[in-house]
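Residues 1 to 469 in our numbering are what the sequence shown lists, from first letter to last.
It is worth saying that the hints were derived from the structure and are not from the lab.
Keep in mind that this is a model prediction, so the values were computed, not measured.
Hints may be right or wrong, so weigh each one.
Unchecked claim - Within a straight-line C-alpha distance of at most 25 Å, the following computed DSS-like cross-link-like pairs (lysine-lysine) qualify: (1) LYS372 with LYS321; (2) LYS405 with LYS364; (3) LYS295 with LYS336; (4) LYS264 with LYS444; (5) LYS295 with LYS327; (6) LYS460 with LYS372; (7) LYS398 with LYS321; (8) LYS202 with LYS157; (9) LYS176 with LYS202; (10) LYS321 with LYS336; (11) LYS328 with LYS398; (12) LYS398 with LYS460; (13) LYS364 with LYS328; (14) LYS396 with LYS460.
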Amino acid sequence: MKKMLTLVLVSVLGGAITLGTYKTFLEKEEQPIATTLQDNPVFLPTNYNSNKTVLAAAEGIDFTTAADKTLDAVVHVKNVAVNNVQPTLQDLFYGRVPQRRQLGTGSGVIISPDGYIITNNHVIEDSEQLSITLNDNRTLVAEIVGTDPKTDIALLKVETEDQLPYTTFGDSDSAKIGEWVLAVGNPFNLTSTVTAGIISAKSRDLSGQSTQSFIQTDAAVNPGNSGGALVNTAGELIGINTAITSQTGSYIGYSFAVPSNIAKKVVQDIMEFGNVQNGILGVIGGSLNSNYAEKLGVAETEGFYVDDVEEDTGAAEAGIKSGDIIKKIDNISIKKFSDLRGFLDSKRPNDVVNVTLLRNGVEKELSVTLLKSNTYILPVIGVIKNAKPEELRKYKTKHGVKIMKVNGTYGRYLQSEGIEEGNIITAINNIKIESIDDVDRILKNRDTYQPLSIELINSKGETNRYGLR
Numbered sequence: 001m002k003k004m005l006t007l008v009l010v011s012v013l014g015g016a017i018t019l020g021t022y023k024t025f026l027e028k029e030e031q032p033i034a035t036t037l038q039d040n041p042v043f044l045p046t047n048y049n050s051n052k053t054v055l056a057a058a059e060g061i062d063f064t065t066a067a068d069k070t071l072d073a074v075v076h077v078k079n080v081a082v083n084n085v086q087p088t089l090q091d092l093f094y095g096r097v098p099q100r101r102q103l104g105t106g107s108g109v110i111i112s113p114d115g116y117i118i119t120n121n122h123v124i125e126d127s128e129q130l131s132i133t134l135n136d137n138r139t140l141v142a143e144i145v146g147t148d149p150k151t152d153i154a155l156l157k158v159e160t161e162d163q164l165p166y167t168t169f170g171d172s173d174s175a176k177i178g179e180w181v182l183a184v185g186n187p188f189n190l191t192s193t194v195t196a197g198i199i200s201a202k203s204r205d206l207s208g209q210s211t212q213s214f215i216q217t218d219a220a221v222n223p224g225n226s227g228g229a230l231v232n233t234a235g236e237l238i239g240i241n242t243a244i245t246s247q248t249g250s251y252i253g254y255s256f257a258v259p260s261n262i263a264k265k266v267v268q269d270i271m272e273f274g275n276v277q278n279g280i281l282g283v284i285g286g287s288l289n290s291n292y293a294e295k296l297g298v299a300e301t302e303g304f305y306v307d308d309v310e311e312d313t314g315a316a317e318a319g320i321k322s323g324d325i326i327k328k329i330d331n332i333s334i335k336k337f338s339d340l341r342g343f344l345d346s347k348r349p350n351d352v353v354n355v356t357l358l359r360n361g362v363e364k365e366l367s368v369t370l371l372k373s374n375t376y377i378l379p380v381i382g383v384i385k386n387a388k389p390e391e392l393r394k395y396k397t398k399h400g401v402k403i404m405k406v407n408g409t410y411g412r413y414l415q416s417e418g419i420e421e422g423n424i425i426t427a428i429n430n431i432k433i434e435s436i437d438d439v440d441r442i443l444k445n446r447d448t449y450q451p452l453s454i455e456l457i458n459s460k461g462e463t464n465r466y467g468l469r
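Take the sequences, apply the hints, and build the full model.
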């Protein structure tokens, strides 16, 4: 009897401790974090369930074909990066910049038999040495062809005498919510790992600034999967796995991929032009919802509401007006701005699109030619744009870009220095400026901490030079 009571007490005490541990460690509310760091896995035993019932939704679905098509085309990317670290007093005394080498790993997808590989920009960022390991364990040196930090896409190239296995791009616009997908990559250095799930959502914005448009899935993705393949059941590439939302740094049910139509367009631009060509519509506004619709006095709660139309853009030339509500582009439904952003990220200048909109409750369809953006954000200064010929003549110069908007937090200082909206910047770091493309090229080729030397003509017609950090 005493033994029985003892066992009961131990069981109760064990249950209390277990419950307390659950309350302390599992119910603690934390802010979600996104991570791309490579962690070492902790292997835990899993319970075996003898119930042989399977999900009815998965019956008849064959994942093996897609896995066979993709496994050999997904590679393991290793990046030896050099990062600056906090200098010691001795480093400061001798003028040294202390650095450390850090090994990062991720995934990549071979997209051509001659060795072009797509991955995430954050996988290869700051790389000093870059290599890829194929599924047959061969290791090859990789070179960076080009990158686009905005979409987090990078293009690599390896040289090899034989033809490499590769995967083909699918159409991410035609992918449907609820469709089965596979994620293929190298989580936690576990090479050639395949997980399955469904598309949970599309046009997902993670930044809160409506500048991104991700495919959300519940296929398990962990650190090391970045740059890997998201494929449909036909083995077609419909996304590049990029991020997870997590409270722990590991997968908790939400993963996100750059849609293949965006990734494909970025790769094509890098190969053809050396950089990404973005086509702009030329509208300013925001997503509709109940509160915004009530404030505007409109009945629609979905779509993109046009507050203003930029001059000299395709939207202005096509006749889009303030107050219009964009509902579709090329029959792609536009419910929020990330839908619009995702569609435009797959287009380039001079592409013609059909815009379906509501104007005073009446549906209209307009043909719009996308143009190249003529504005650019110049750090410290603000927004600049290509200057018109008459603006250059006003300032008696034949070249330069115009300051459209001065940086809000730094504006008073700039204005006290004589830098104002409307001024013409004619040179940066002693390099002549003809357009915003010149500005972009100069900033990309300059060292991160190198000061900016700016030459500009002010409203009085005076040419001044400024050194800005």
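| query | Checking against the hints above, which ones are violated? | reply | Going through the list in order, the structure violates hints 2, 6, 7, 8 and 11 and respects the others.
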